Amino acid sequence: MLRVRDPQRLLFAAFLLAMGLCGLWFGWKLPMGTAVRMGAGYMPKVLSVILLAFGVGLAAASLAVEGPRLERWAWRGLAIILASLCLFGLLVERAGLLVTTAVVILAATAAAPDRRWREAAIFAVVMAVFCTVVFRLLLGLPIPALP
Amino acid sequence: MDILSNLAIGFGEALSLTNLAFCLIGVLVGTLVGVLPGLGPLATVAMLLPITFTMSPVTALIMLSGIYYGAQYGGSTTAILVNLPGEASSVVTCIDGHQMARRGRAGAALAVAAVGSFFAGTIATVLIVGVAEPMTELALRFGPAEYFSLMVFGLIGAVVLASGSVVNALAMIVVGLLLGMVGIDVNSGAQRYTFGNPNLAEGINFVTIALGLFGIGDIIHNLERGTDRSLVTSKLGSLWPDRDEMRRAVKPILRGTAIGSVLGVLPGGGAVLSAFAAYTVEKKLAADPSRFGKGAIEGVAGPEAANNAGAQTSFIPMLTLGIPSNALMALMIGALVMHGIQPGPQVLVSQPSLFWGLIASMWIGNLMLLVINLPLIGMWVALLRVPYRLLYTAILVFSAIGVYSINNSVFDVFLTAGFGLVGYFFIKVGAEPAPLLLGFVLGPMMEENLRRAMRISGGDAMTFVERPISLGLLAASAVLLVLVLLPKLRRVRTEAFRET
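Residue numbers (my numbering), protein chains in the order written: chain A, 726 to 872; chain B, 62 to 561.
This list has only true hints and no planted wrong ones.
Ranges of calculated distance between the beta carbons of each label pair, as one might list FRET restraints:
id: 1; chain 1: B; residue 1: PHE256; chain 2: A; residue 2: GLY782; range: 23 to 33 Å
id: 2; chain 1: A; residue 1: ARG794; chain 2: B; residue 2: PRO259; range: 38 to 48 Å
id: 3; chain 1: A; residue 1: LEU863; chain 2: B; residue 2: VAL447; range: 18 to 28 Å
id: 4; chain 1: B; residue 1: GLU194; chain 2: A; residue 2: VAL850; range: 46 to 56 Å
id: 5; chain 1: B; residue 1: VAL526; chain 2: A; residue 2: LEU862; range: 52 to 62 Å
id: 6; chain 1: A; residue 1: LYS754; chain 2: B; residue 2: GLY287; range: 43 to 53 Å
id: 7; chain 1: A; residue 1: ALA778; chain 2: B; residue 2: ALA347; range: 44 to 54 Å
id: 8; chain 1: A; residue 1: LYS754; chain 2: B; residue 2: GLU263; range: 19 to 29 Å
id: 9; chain 1: B; residue 1: VAL432; chain 2: A; residue 2: PRO756; range: 53 to 63 Å
id: 10; chain 1: B; residue 1: GLU194; chain 2: A; residue 2: TRP800; range: 48 to 58 Å
id: 11; chain 1: B; residue 1: PRO259; chain 2: A; residue 2: GLY782; range: 30 to 40 Å
id: 12; chain 1: A; residue 1: TRP800; chain 2: B; residue 2: LEU199; range: 46 to 56 Å
id: 13; chain 1: B; residue 1: ALA347; chain 2: A; residue 2: VAL858; range: 44 to 54 Å
id: 14; chain 1: A; residue 1: LEU862; chain 2: B; residue 2: LEU546; range: 51 to 61 Å
It should be emphasised that the hints constitute simulated quantities derived from the structure, not laboratory data.
Note that the structure is a prediction, hence the values are computed from the model and not measured.
Yeah, the Cβ is synthetic: ideal placement off N, Cα and C, and Gly gets one too.
One chain only, chain A, in its complex shape (with noise of 0.2 Å):
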């Protein structure tokens, strides 16, 4: 019976699997050339294949040696981080960078596991403020600091 030994291997390769394939799928159109004059298409499908290849030697590998087992994913944690992230990006261009970034430190704060919500609103409050004399004032980035 095959028995998986190493499951963090095997997902590594099954990333580079997808990768290659993608690779090649999204790159098939794009002209090879030849050896002389390369095409556009040529290193892209050589790195695919060569993926590929990685993949399948990795998911040998992985049902062969023995390796650590998988951690449990954060689920929550990454998910408000990567939430807060997009928020900033959604609110940016419409709130402006003051209303933004207070949004997004709240919200970002749900991940902690020893959150303090007072603590947070301070802290909100004083990065916006921080953020928008920095960054919009004294660097003068292209931000909208108001709606």
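Fit chain B to the known structure of chain A by using the hints.
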């Protein structure tokens, strides 16, 4: 005489008021991120890179490099006082540094670390000045075939000399190379992997990759792991080492400087490897190795000198050849490109004031660090009390602002979130993402040189082995690969990184 006039140019540039100010800001920020565990120089440089656009290229580079070597100073503070590596290269400093602190010699350990770092930084700066021109002259004679082979050697070396699985790292390089292909192909104008999205036409913005993989991924991981930063030591003791400690520290500092200077230049080298190597050497040479782990000052002096020397000499291949020896140098290359400077040997010729100004600023920065660090130690320790629950929200916002402001692109913010997910995935499957960044930065250059070399040779791949320098570099890469895959050497390599 040449060197003197070059240094005159350099100091002239570095001593301007703006550059001095940003050098100071750089080393202060560097010390700060070095002190704070959970935030490394890599993520910080990526985060602050966008705000350097308003500066001149030389000012930008002076500040960004200050962050890197400043972090080497700061990292030792946390290592000694809290027994946590504030920065990866301070891992070994924890071992003996913290034991010294427990015996009430924290002040002495900090002082030796700072003085050792300063000495190493000075020597390394002199070294850069000495080798820069010969290296550049050699590199200027390189054709595309030599360049391609040099990059292969750089990438392979980076993998072999770093910790972790070699096969994983090689695969990571290829992932990076493939990601580097995204965008419009410069030769044919064909769109590659852009999915018709204009945001991808100029390729993936490398700050999104660096911040996603190293900044965001780490935040998520730190949150689940929890960061314990209870200050174990609050008493510093005397800031001056006694005579016996001084005597013991001299030779390790000299050796550490030598080790760091050499290892920093090698691909894959830099601060981390140098510190590990120096600790191993000091332990081997010690008359009584059992003192190590119980507060031997040699175990602080050697690695601290080495990590700073290594941090600085790793600029040599970046500045003279345009080849990054570690992930941070890859960021520096990206910074040069973003400022419209093509990295490579021509930088020295076409931008002498940038080149020498940066080098001169390193020495000035080291001097600032020495002066700033010891008297301000109380302030850094106070900063350690900032809880992570506040710190990470601030990092997140700074990252978002930084990424957004590069192109005023909301797309880049989403892309960073995507790479954050990938970064967390890499942590979970135990794959180190640094080689990906190297591959990503070198990818387009490698493709270009490969194409040129093949066109010159008329499509004959033998050109890479017929030209002696190219052959030598490829042979060296092959030897490195074979060596690291041999079981015996593999064990030595694993041990070298498991000194802790």
